[in-house]
Amino acid sequence: MEQVRKDPLPDQQELVLSMGPQHPATHGVLRLVLELEGETVKKCTPHVGYLHRGIEKLGENRTYLNAMPLTDRLDYIASMSNNVGYCVAVERLLGVEPPPRAKFIRTMTAEMSRISSHLLWLGTHALDIGAMTVFLYAFREREWLLDLLETLTGARLTVSYPRIGGVRNDVSQEFLDSLWQFTEEFPGRLLEYETLIDQNRIWLKRTKGIGVVSAEDAINLGFTGPMVRGSGIPYDVRKFAPYDAYDQVEFEVPTGTAGDTYDRYRVRMEEFRQSNKIIRQCIEKLPKGPVMTPDSPKFTLPAKESVMQEMESLIHHFVLITKGPIASPEGEIYSAIEGPKGELGFYFISDGTGNPYRMRLRSPSYVHAMSLPYLTEGSLVADVIAVIGTMDLVLGEVDR
Amino acid sequence: MTGLFESVFSPGSVDIMLNIGIIVLKIAILVGIVLLHVAYAPWFERKTIGHMQVRMGPMRVGYHGLLQPIADGLKLFFKEDIIPAQADKPIFYLSPVISVFTAMAALAVLPFFKGFVIANINIGILFILAMSSLGSYGIVMSGWSSNSKYAFLGGLRSSAQVISYEIAMGLSLVGVIIMAGSLNLTDIVEAQGKWPHQWFFLPQIIGFFVFFIAAVAETNRTPFDLAEAESELVAGYFTEYSGIRFALFFLAEYMGMILMAALGSICFLGGWHGPFDVPYLPFFWLWVKIMISLFVYYWIRATVPRYRYDQLMSLGWKVMIPLALANVVLTATIKILR
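Chains as they are written, first to last, in numbering that gives the first Met the number 0: chain X, 0 to 399; chain P, 0 to 337.
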């Protein structure tokens, strides 16, 4: 904290500007201590931790079943992806295989949350650079997606929908029809956003050549997701280590070349289309069958009807809720999924009890936030805003 | 006592008093009308941008939010006037007043219709340019006196911007001055005819273009709203202002917009001239032109992103000023050759 001097020394040349934690462009509670010379950033020190809730520690004190709602609060823009990532990790640890229908539903809803997360990114990124209308257009579509999620899960943001071994409830035909309607209309809406900013001279001037990361640096800085793909590296967990139904749907991994803010913008715009494609394929290919794995009463909650009628199910239900999956194997596992922001990893150490001995999260936003000094030093204040925007930081995920 | 009475009411002084009375009445009418427009300009803006952004804009206060400006004004008026403890108080008090004062003073030379101008002076354009330059003092001083880093940066940006674009704007008007042969705004309007092809925006298309962009920059509007760039500098120079002082800045900004729209309409779009006369509403055509200009302002705001500080400066110095200079040379050459 020594950078934050209340009274700068008289001979000090730099203006120390504390940007955040209350600042309209830092997307939450990120705090950047900028040392400015004129408008040029000489030094940038990110301070994180204003939203720290101890989710990793809380996870250790809850059973595998009970800790899932905590993951909603990580990247609260795309909580479905976090839930899916958590469930995939725990399933890999416990050796549970969800039924195919549940896999497709998860893939579909995770892509919905990717679109809604990218829509929020697009809106706020454009708003930060000054294009106001894109924000409201993007929120129009995001509202539709959130309404859809609400009909499916009962919640707009903190969905807690997937379960270890499947999903909570089946999708209805009305939901699928409305989602299909969305995928029909969404490409046209994308063109609307692109009309406003894609070839706009000011937009190009503000994003081209800003926050440039070479492919080598992107790897060294630990970038994942659109941040690394913008630099031309086609790294996507969905392709490299497929989970759920991603090996059964066709999609491409868009990449950029220059590694600047504009290329990352293009990558995400392309990802909208790919996600849209994945959702359509999921709806078309959605197999019939149960949405929860039926054969592992030691890991997954029994159906509510059988709890009401059968003694064994009632005992299983009670034990699972109070003690967690009793037969969890000892060992450790790292499992990653492709979240909207990048590689979202869950690392568990299991000691054989119902709680994880250690739960560790690899959140992409945290890794990206740490590269802020590298990307912003030497640029102008306005570029700091553009760079924060292009990273798509969510502070819930940074601070955990 | 008698002497004073006689001297005050002597035939000559009655004349003067009457003249002063008429001028005061004119000022009162003009300021009243302009303030009404300034109050409703934000409403018009919010409605315009709202509909462009697939939403309704203000809808709650009155029919389609028509009473919203009054509600906003009352709220701002009764809000606590917070002055930062570290602020340079006299300058802090003074700067919003300067902003509003200069914007209002410039109204004095605008001819709203044939024969209606409060001060028909021969240097009308120069007076307006001088007043709008003085207005930037309000911004610089508020940025300085707030003793806040964001306000300070906003003030710095704004002063640099206004100075650069002031030059381009002045030069872009020189073409009009050459064509009309006068600095008097009434004469400039008289030099243009009834129909659009007789207006100066056609022969002065470069000047009009430069003037339009400079006017947007001069009034700190998108895409040149760097001084109050919300996402970068919170609110820029008036970050620390609240209540009625904030309202004064707001007032000055919208008054500046109306002023620039009026100046553009007078110099390039034929002022009060229109294809036909509207009975009882001699200011109708000027009003229409100002409203269209305001609409274009709002339209731009809803469409484009914001320039970066250095890009703005290079646009001003490397594109706008050379263009305006070329226009002056071109216009002068044609004028001499004729």
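Careful: at least some of the hints might be erroneous.
SDA-like, lysine to any residue: derived pairs with alpha carbons at most 20 Å apart [to be verified]:
(1) Lys148(P) with Val170(X)
(2) Lys204(X) with Asp87(P)
(3) Lys46(P) with Arg139(X)
(4) Lys148(P) with Glu13(X)
(5) Lys148(P) with Gly37(X)
(6) Lys148(P) with Leu14(X)
(7) Lys148(P) with Leu135(X)
(8) Lys207(X) with Met312(P)
(9) Lys148(P) with Tyr75(X)
(10) Lys148(P) with Thr39(X)
(11) Lys148(P) with Glu38(X)
(12) Lys42(X) with Lys148(P)
(13) Lys148(P) with Pro20(X)
(14) Lys148(P) with Ser378(X)
(15) Lys204(X) with Met312(P)
(16) Lys204(X) with Arg300(P)
(17) Lys207(X) with Gly242(P)
(18) Lys148(P) with Gln21(X)
(19) Lys204(X) with Arg220(P)
(20) Lys56(X) with Tyr333(X)
(21) Lys148(P) with Ala104(P)
(22) Lys148(P) with Leu16(X)
(23) Lys41(X) with Lys148(P)
(24) Lys204(X) with Pro278(P)
(25) Lys148(P) with Ser17(X)
(26) Lys113(P) with Pro278(P)
(27) Lys46(P) with Lys303(X)
(28) Lys46(P) with Leu135(X)
(29) Lys46(P) with Gln21(X)
(30) Lys204(X) with Ile299(P)
(31) Lys204(X) with Ala246(P)
(32) Lys148(P) with Leu379(X)
(33) Lys204(X) with Lys148(P)
(34) Lys303(X) with Phe138(X)
(35) Lys317(P) with Leu203(X)
(36) Lys74(P) with Val318(P)
(37) Lys148(P) with Glu34(X)
Everything labelled a hint here was simulated from the structure, so no lab data went into it.
Hints versus structure:
1. Under the criterion of a C-alpha separation no larger than 20 Å, the hint pairing Lys148(P) with Val170(X) is inconsistent with the structure, at around 53 Å.
2. Pair hint Lys204(X) plus Asp87(P) does not hold up; C-alpha atoms about 38 Å apart against a cutoff of 20 Å.
3. For the given pair, Lys46(P) sits about 18 Å from Arg139(X) by alpha-carbon distance, which is consistent with the 20 Å threshold.
4. For the proposed pair Lys148(P) and Glu13(X), the alpha carbon gap of about 12 Å is at most 20 Å, so the pair holds.
5. Under the criterion of a C-alpha separation no larger than 20 Å, the hint pairing Lys148(P) with Gly37(X) is consistent with the structure, at around 12 Å.
6. Taking the CA atoms of Lys148(P) and Leu14(X), the gap is near 8 Å; set against the 20 Å cutoff, the hint holds.
7. A distance of roughly 30 Å separates the Cα atoms of Lys148(P) and Leu135(X); the hinted pair therefore is violated under the 20 Å criterion.
8. For the hint linking Lys207(X) to Met312(P), the alpha-carbon distance of about 18 Å falls within 20 Å, and the restraint holds.
9. Restraint check for Lys148(P) and Tyr75(X): not satisfied, since their Cα atoms lie roughly 32 Å apart, outside the 20 Å limit.
10. Pair hint Lys148(P) plus Thr39(X) holds up; C-alpha atoms about 14 Å apart against a cutoff of 20 Å.
11. Between Lys148(P) and Glu38(X), the direct Cα distance comes to roughly 12 Å. Compliance with the 20 Å bound is thereby established for this hinted pair.
12. Annotation: proposed proximity of Lys42(X) to Lys148(P) holds, straight-line Cα distance about 16 Å (limit 20 Å).
13. Taking the CA atoms of Lys148(P) and Pro20(X), the gap is about 15 Å. The hint holds against a cut of 20 Å.
14. For the suggested pair Lys148(P) and Ser378(X), the alpha carbons sit about 18 Å apart, so the restraint of at most 20 Å is met.
15. Of the supplied pair hints, the one linking Lys204(X) and Met312(P) holds, its CA atoms being roughly 13 Å apart against a limit of 20 Å.
16. Taking the CA atoms of Lys204(X) and Arg300(P), the gap is about 17 Å. The hint holds against a cut of 20 Å.
17. A threshold of 20 Å between alpha carbons decides the hint, and for Lys207(X) with Gly242(P) the separation of about 40 Å lies outside it, so the pair is violated.
18. For the hint pairing Lys148(P) with Gln21(X), the CA-to-CA distance comes to about 14 Å; that is within 20 Å, so the pair holds.
19. Using a Cα cut-off of 20 Å, the hinted pair Lys204(X) and Arg220(P) holds, with the two alpha carbons roughly 18 Å apart.
20. A distance of roughly 17 Å separates the Cα atoms of Lys56(X) and Tyr333(X); the hinted pair therefore holds under the 20 Å criterion.
21. For the hint linking Lys148(P) to Ala104(P), the alpha-carbon distance of about 31 Å lies beyond 20 Å, and the restraint is violated.
22. Of the pairs offered as hints, the one joining Lys148(P) and Leu16(X) holds, with about 7 Å between alpha carbons and a cut-off of 20 Å not exceeded.
23. With a C-alpha separation of about 16 Å, the suggested pair Lys41(X) and Lys148(P) falls inside the 20 Å cut-off, and the hint holds.
24. Taking the CA atoms of Lys204(X) and Pro278(P), the gap is near 50 Å; set against the 20 Å cutoff, the hint is violated.
25. A C-alpha spacing of about 9 Å is found between Lys148(P) and Ser17(X), which places the hinted pair at or below 20 Å, so the restraint holds.
26. Restraint check: the Cα-Cα separation between Lys113(P) and Pro278(P) comes to about 13 Å, which is no more than 20 Å; the hinted pair holds.
27. The suggested pairing of Lys46(P) with Lys303(X) is violated, with an alpha-carbon distance near 52 Å, which exceeds 20 Å.
28. For a cut-off of 20 Å, the pair hint linking Lys46(P) to Leu135(X) stands: about 14 Å separates their Cα positions.
29. Restraint check for Lys46(P) and Gln21(X): the C-alpha separation of about 29 Å exceeds 20 Å, so the hint is violated.
30. Proposed proximity of Lys204(X) and Ile299(P) is supported: the alpha carbons are some 17 Å apart, at most 20 Å.
31. Annotation: proposed proximity of Lys204(X) to Ala246(P) is violated, straight-line Cα distance about 34 Å (limit 20 Å).
32. Between the alpha carbons of Lys148(P) and Leu379(X) the distance comes to roughly 15 Å, so the proposed pair stays at or under 20 Å and holds.
33. About 26 Å separates the Cα atoms of Lys204(X) and Lys148(P), which puts this hinted pair outside 20 Å; it is violated.
34. Taken as a hint, the Lys303(X) and Phe138(X) pair is broken in the structure, with Cα atoms around 37 Å apart against an allowance of 20 Å.
35. This hinted pair checks out: Lys317(P) and Leu203(X) have alpha carbons roughly 19 Å apart, not beyond 20 Å.
36. Between Lys74(P) and Val318(P) the CA atoms are separated by roughly 43 Å; this puts the pair beyond 20 Å, and the hint is violated.
37. For the hint linking Lys148(P) to Glu34(X), the alpha-carbon distance of about 12 Å falls within 20 Å, and the restraint holds.
In summary, the numbered hints that this structure violates are 1, 2, 7, 9, 17, 21, 24, 27, 29, 31, 33, 34, 36.
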